[in-house]
Structures are given as C-alpha cells and as structure tokens.
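A.B. asks: Spelled out from the first residue to the last, the chains are:
Protein chains: 2
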Amino acid sequence: MKNVYKIAIVGLGQIGNYLYREINLKKKDIETKTGKKIQIVAISAKNKKKKRKFKLDKKIFYSNPLKIFREKKIDILFECIGLSDGISKKIVETALKKKINVITPNKALIAKHGDHLARLAEKNNVNLEFEASVAGGIPILRSIKDGLSTNKITKVYGILNGTTNYILSEMENSNETFDKVLKKAQDLGYAEPGNPKLDLNGFDAFAKVRILSSLAFNNQISKHNCIMEGIENIDLKDIKIASQLNLRIKLLGICEIINNQLFETVHPTLVSKNSYIGNVNGVMNAVIIQGKPVGESVLQGEGAGPGPTSSSLLSDLFTILRGNINKPFGVSFLKRKKIKAFNSDNYKNSLYLRFEVKDKSGVLSLITNRLAKYKISIKRIIQTPNKKNKKATIVIISHKTTEINAKNCLSIFKKNKNILKSPTLIRLYN
Amino acid sequence: MKNVYKIAIVGLGQIGNYLYREINLKKKDIETKTGKKIQIVAISAKNKKKKRKFKLDKKIFYSNPLKIFREKKIDILFECIGLSDGISKKIVETALKKKINVITPNKALIAKHGDHLARLAEKNNVNLEFEASVAGGIPILRSIKDGLSTNKITKVYGILNGTTNYILSEMENSNETFDKVLKKAQDLGYAEPGNPKLDLNGFDAFAKVRILSSLAFNNQISKHNCIMEGIENIDLKDIKIASQLNLRIKLLGICEIINNQLFETVHPTLVSKNSYIGNVNGVMNAVIIQGKPVGESVLQGEGAGPGPTSSSLLSDLFTILRGNINKPFGVSFLKRKKIKAFNSDNYKNSLYLRFEVKDKSGVLSLITNRLAKYKISIKRIIQTPNKKNKKATIVIISHKTTEINAKNCLSIFKKNKNILKSPTLIRLYN
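Chains G and P, in that order, give the protein sequences.
The first sequence begins at 1 in the working numbering and counts up by one.
The second sequence begins at 431 in the working numbering and counts up by one.
Any given hint might turn out to be false.
Here are the simulated PhoX-like cross-link-like pairs (lysine-lysine), alpha carbons at most 20 Å apart as the crow flies [said to hold, decoys possible]:
id, chain 1, residue 1, chain 2, residue 2
1, G, 152, P, 457
2, P, 757, P, 788
3, P, 467, G, 27
4, G, 335, G, 375
5, G, 327, P, 458
6, P, 553, P, 610
7, P, 582, G, 26
8, G, 123, P, 466
9, P, 457, G, 292
10, P, 757, G, 2
11, G, 53, P, 722
12, G, 28, P, 847
13, G, 337, P, 757
14, G, 28, P, 466
15, P, 722, G, 26
16, G, 152, G, 292
17, P, 817, G, 337
18, G, 27, P, 722
19, G, 152, P, 456
20, G, 28, P, 458
21, P, 653, P, 542
22, G, 48, G, 28
23, P, 467, G, 335
Hints were generated in silico from the structure; no laboratory data involved.
Values in this document were obtained by computation on a predicted structure and should not be read as measured data.
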C-alpha cells in the first residue's frame, strides 16, 4: 500500500479554504491515526489574488485545475467548486479516469451525475466519496451504507437545508417578514449573498433527497418528476397562525417506498411543536430513518458551514487513507435497481388552507361547497374578521386528501371576486 | 480475498437466536451487497433443548463452544453469551489467536478486557467489532471512529440504557412506584426477569461510557474510580416534584475532558423538560457528541432489543465481508494514550435536595445553616407541609457546588432527630 498520499484541492471558497487549513493543522494527527503521510501538492481557484480567510501557499497554486493533472502526480482530489456540470464534472471525470480518488461536498454534481461517476470510480477501482454532500457534519451517508446496511429502509425524511430552517425559525422568533430575515441570514453568512434561490426554492434539499433515496433503497439516482416546493411564499401570517395551532412550519425532504414505488418530495410542512422534528431549529439539520429491524433512528447536527462540512470531508479522507475501497453507493452499480415512481397525484395529506376574502355573507359557504365538491372534508375552521377593511382570513384544516383533489380544487378559487388572492396551501405532516 | 466466509454463533439467547434467523433470512441480500458468500457452520449454547423463538439447525449444534475451534474451520465468530469473563473471554481470545474475526455485543467484556483483546486482534490482523455493545442499533461507534474521526471531541453524553429510561418515563406517565414499573418492564422483556441489577445500578451504562470515552478521546479503557449511581433510589415523589419544576429525571452517562483530564460518570440527572435529552423517552437511547469543528451531533434510536442489536451486529459483518480491516478502537493500540483522571471531588453541579422533616419551627433554619457552612448556596426552596402527620417535605435547589462539599454536608444530616431520613440528592444538568 502507498505511504505518501498527494492531495489537490480545487475550489478555494469558504469550504475549500477552510479544508486547506484543517488538513495542514491536523496533518500530524491524521498521520498518527492512519499510519499514512499526506501532502497537499496543488491548490486551484479562479482568482489567485482574492482575499481569503486563511493564507495559501502560492507556490502550488494553479489557475487552471486541469493543468494539475498534467504536471503533478496526485492520489486524492478534493472538488470544492460546487457546479453540477462544467468544470466540476470535468475534473472529477478526469481524476477518476486517471485512478485518482475523489472527495466532494458537491450535492448538485452527485444528484445529477452520481451514477455515471460511480461507474467510472468502480471501473478504475478508486473511491468517490461524498459524505459532505448531505447534512454537513452528520455522518448520514456512512450510517446508511455501513451502520444500517442490512436494514430494510422504508422511509428517510428530515430537515436537509440549514438556510431555510434558520429563516423559518427566525421569522417565528423575531416576528419579522421573510425578506427581512433573508437579509439577516445573508449578513450572517447562512444564505448566499448573491443568489440564495437554490436554497429557498427547495432545489438544494431536493438534490439531497435524491442522494439519500438512492442509498437507502439501492436504486439508481431517480429522475422522476416530483413535488418540489420551497419557502419563498411562506408568509409571517402563516407562521403565526400555525403557532396558535401548536404547529410549526418546516421544510421537509422526504423519500419513501409506497406500494413498492418510490416517492420523493420537498415541501414546507406543518409539524407539531411537540414533535421531535418540530424542535430542530436554526441552522440544525436532522434526518430520521425508518428501517427494519432497527426501528427509527435519528441523526441531528449542524447542517452547513465550513466546520461541519470539513469534518465530513476529512472522514472521507480517512476512509481512503485506511485503504478501504468502497463502492460509492455501497453496492456495485450493476446491482442498483430502478424503482418505479409513485404517482404524486395520489400523495395524501391533511391540508392547511388560508383564504383571504371579502367579509360578506355567503363566502364561507362558497368555499366549503367547493371543497366538498372535491371531496375535501373539513376538520377545523378558524375565521378571523378584520373589521376595518371588511376583509377576513379563513383558515381551514382538512382531513386527508389526495394531491390531485387539492390541485383541482384550488385552481377554481383563482377566479372569484370575493376571494382576494390565490389561497395558501401547506401540507400537514402525517 | 476469500469468497466464502464460515460463521459460528455462540450464545443463543434472545440476541443470538434472532441474529441466527436474520443471517439466514438475509443471506442473499448480504451476498449481493458484499459479493461474498456466507455460511453458518456452527452454533452453540448451553442447552440444546431450550425452547427458542426461531428454529435451529440441530446438526451444527455444539454444547461446548471450544469444540468448534477443533472441528470446524471458521472465519467469523459471533460471541453472544455476554459474560465479562469466563467462557466469553476464553472463546474470543481463542478465536483472535486463530486469526478468526470476532463480532460481539458484549459491553461488559469490551469495557473490561477491550484493550487486551484489541491488541490480540491487531497482532493477528483480524477484526474485533463491537458496534452493538453501545446504544443498540445506533451506529455510534462507527460514527466516532469514521464519520467524526478528525474532530477534537470534548464531551460525549446521553441516555445509554433503555431499561432505566423506560422505567423513569413510565413512572412519570403512570404515576406508579418504582417496584410496580420494574415488574411491568420485566413482563415486557425490557428488564432481565432474574437479575435486573446491572441495568438499575448504572453498571451497564457505565460500561458503555468506558467504551465511548476510549473511542472519543483515543485513550486506553480507563480504570479510574468514578461516580456511578443508578436509579434504584429514585422515588415517585421526586419524579412528581421534578415535573412541577418543569424538570425530568434521566439516567445520564457522561464522559468529558476537563482541564485535559478524563471524567466519566453515570448518575440520575434532572434535565429540563424543554431540552432535547429531556424528551428522549421510553426505551430510546440518545448520544450527544460535542466536537470541533463539527459542533454538536446527536444520534438517537432504539437502544436495546434483538432487532436493533442485530442491525449493528450485521453492520459489523458487512465491514468484515467488505474486507475493511480496522483497528478495533480506530487507531493502533500503541497510539492510544492514558489520560489522567479528573478528581471527581471537584465535579460541580446544582443540586436538588429533598428533606423529609418534622414540621417544627427551626428545622428549616437548621438545614440552611448547615448548607451555608459547606458553602452550598440556595437558589430555590419549596416547602410542602403535611398537616395530618406534622411532617413536611423541603426541596432545595442549590447553586453549583462541588461533589466533595455536597458529600460532606449531607453526611451530617444523617444524625438529626428532626430530619426523618437521609436526604435525597439528585444532580441537575449543567
């Protein structure tokens, strides 16, 4: 077995830069624990001169990462750029083909090209490790691949995006609007200053769901159409009403097997304030795994930021230094199935529906009649009049109904003069 | 690498018997996932005829487990007897010396002889795996060894014994006494019918603390004297008073580094009902790890029973079948330190003190004077008179004080005619 491992880090943003420092700081400790020597022989980023938190060794700096492959012999590549395609994909492919191990926190890349890259890694007998791509410092992928490997997992769900969880928690605590709290999150470094869209619209959490479902159910990364909703339309008003009902809004990522079919989704969800998941607040992430015979397992930890991410990246490094060759998805590509999609029209939930209406007689019966027409039966109604402007807020909690009924029913509400805007729909957790 | 692995299971109680069935049920799945064939070639227990839940293949049954080594070629031994010494130790030693991998859920054995056995395993280049020895189905040892391997861990604590957690939860829920609830726990199979002592007195949790601390801090298994208290003296009265104070009693196992010294303990602890740990109820286990840079990680799951235990035993089997040779404690025996003991006299906590007294003037001032003498300052007093019998209950919550002050102070209360029995002390969680 090799005794010195040469490392390249490509991408020196928040994560890559922190990782660079951690590896240098912990060099001795890593060598003691694994019995292997390590050496960072190349680093790369677009801009050599950009101000970074920790100082770099400029002598090993490359502006063009592809040049590293031509000029240096490396054993392990850290890809920390973060694109789903382009240069991220290119350098990972190149490395694997050259029998170089790859470690990446890049969920967009893995969720999109994970199968193809895993095949490359297996063919070349090197590791492709991506523990940091899901839930930051929580060793969730390892737990599914190793610790819970013989369980029959039926469902994995949780809070997979720290940014949105922070925003929802902070709106409730501070009583401030979405826009104000988003600004705060950006100032604190929890949300991307430029474009926080991929966090807010659920895309980031959804990429993690795809990775989790492929590991939990041994299926190839699914490309099924699914319900993906973010938190952009969550109003402070809904958070307050939820709170009165002893509920809290969380952006949940869910994957499960229903009738031997695969269902994946990300959407805001009303959960009980007394539930475990209802008490995971701020930037924390939590993942709940239901399996047999193990029962329900919960893993919780900080879901983002350079510290937790770097903890997972280094655990991947350990795996490689210890000489444990793993299949990227636990089992060989050839043995991963394709699971048929569960039709999301049949997804069932209780619904929270908020209507803003003119405070006129007949409006409530109009709403309830239409709900009845689509077989949506009512569990609870809370009507709050606003006498000043002759408007009212009507909140309805329904019994369980299918997604298709909800969609069809809501579409007709858009056309009415007494209903002042499209109703807000939030699903309740079963 | 080998292609067929021959397995022996020694000990066919609840766990061994369930494991035997699981391996047979999941044979195909295991072979698909690991690419290795497995075969159970020997099973052993004291009593061949004992009624068991799942049927055994009597043709491979041995009454004397040592005979297996003489008659069969085996690659993996499951030790499921559970003794800290005697035949358990003997067969594990024999196996390791014969270059046979060992998997065991036996915390008593590992907490007592883990270092010696790990050295044997390392010398013979085989695996000694014991994931199931701590917190049932939760992959906690793997998470520390692999997932969090490069973190500087400073503290690990949690609920490590499902039996006692069930009893405490059930006393609160049902309003029934310790003895009644213990009986219920035994009927449900949560507590040993014959001798539940090792669960109740904290010994079981303490063995787990020893294993956790040796992994988390890379120290040899400590033999330090420590505070170990169980729940045998927890009174329903204390649970009720705690509840009024918005607190809940949990048996916590704790290990941490204080001033570069090692502190390990197990004792009943008052925690807030609003805290995470205060809401882990019933037979659930939970472990909280504080480390840098990862922050705080939480793992929760079912802590006992054949299902969760078998999940962990099979994860160990996977590690071996995948050909991953691991040091039993993550790093080589030679590189594990000996950490000096933190003097438990200096352990600091707020205290809950309950006094049962004669309802006479002067008694309260007697108590408070004595507390003051030992520098125990009072945060809160709740006095509840019982007019019928002229007695009263006085509960005092103190500010933080050292263990030695508490001990010295309490010892003098034993001698007073107005104080009807030795006061009850429960530590509050910091």
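A.B. asks: Does each hint fit the structure? Answer for all of them.
C.D. replies: Hints, one by one, checked against the model:
1. G/152 - P/457: It holds: about 14 Å lies between the C-alpha atoms, which stays within 20 Å.
2. P/757 - P/788: violated (60 Å)
3. P/467 - G/27: Given pair residue 467 of chain P, residue 27 of chain G is violated - Cα atoms ~39 Å apart, limit 20 Å.
4. G/335 - G/375: Outside the cut-off at roughly 43 Å; violated.
5. G/327 - P/458: Satisfied, since the Cα-Cα distance of roughly 19 Å is no more than 20 Å.
6. P/553 - P/610: Violated, because 50 Å separates the two Cα atoms, which is more than 20 Å.
7. P/582 - G/26: holds (10 Å)
8. G/123 - P/466: holds (19 Å)
9. P/457 - G/292: Between residue 457 of chain P and residue 292 of chain G the Cα gap is close to 16 Å, so the pair holds against 20 Å.
10. P/757 - G/2: holds (18 Å)
11. G/53 - P/722: The given pair, whose Cα atoms are some 18 Å apart, holds under the 20 Å limit.
12. G/28 - P/847: Since the Cα atoms of residue 28 of chain G and residue 847 of chain P sit roughly 63 Å apart, the hinted pair is violated (cutoff 20 Å).
13. G/337 - P/757: With Cα atoms ~34 Å apart, residue 337 of chain G and residue 757 of chain P exceed 20 Å; violated.
14. G/28 - P/466: violated (36 Å)
15. P/722 - G/26: Cα-Cα ~12 Å, so holds.
16. G/152 - G/292: holds (5 Å)
17. P/817 - G/337: Violated, at about 73 Å.
18. G/27 - P/722: It holds: about 16 Å lies between the C-alpha atoms, which stays within 20 Å.
19. G/152 - P/456: holds (10 Å)
20. G/28 - P/458: violated (43 Å)
21. P/653 - P/542: holds (9 Å)
22. G/48 - G/28: violated (28 Å)
23. P/467 - G/335: holds (16 Å)
Violated hints, in rising order: 2, 3, 4, 6, 12, 13, 14, 17, 20 and 22; the structure is consistent with all others.
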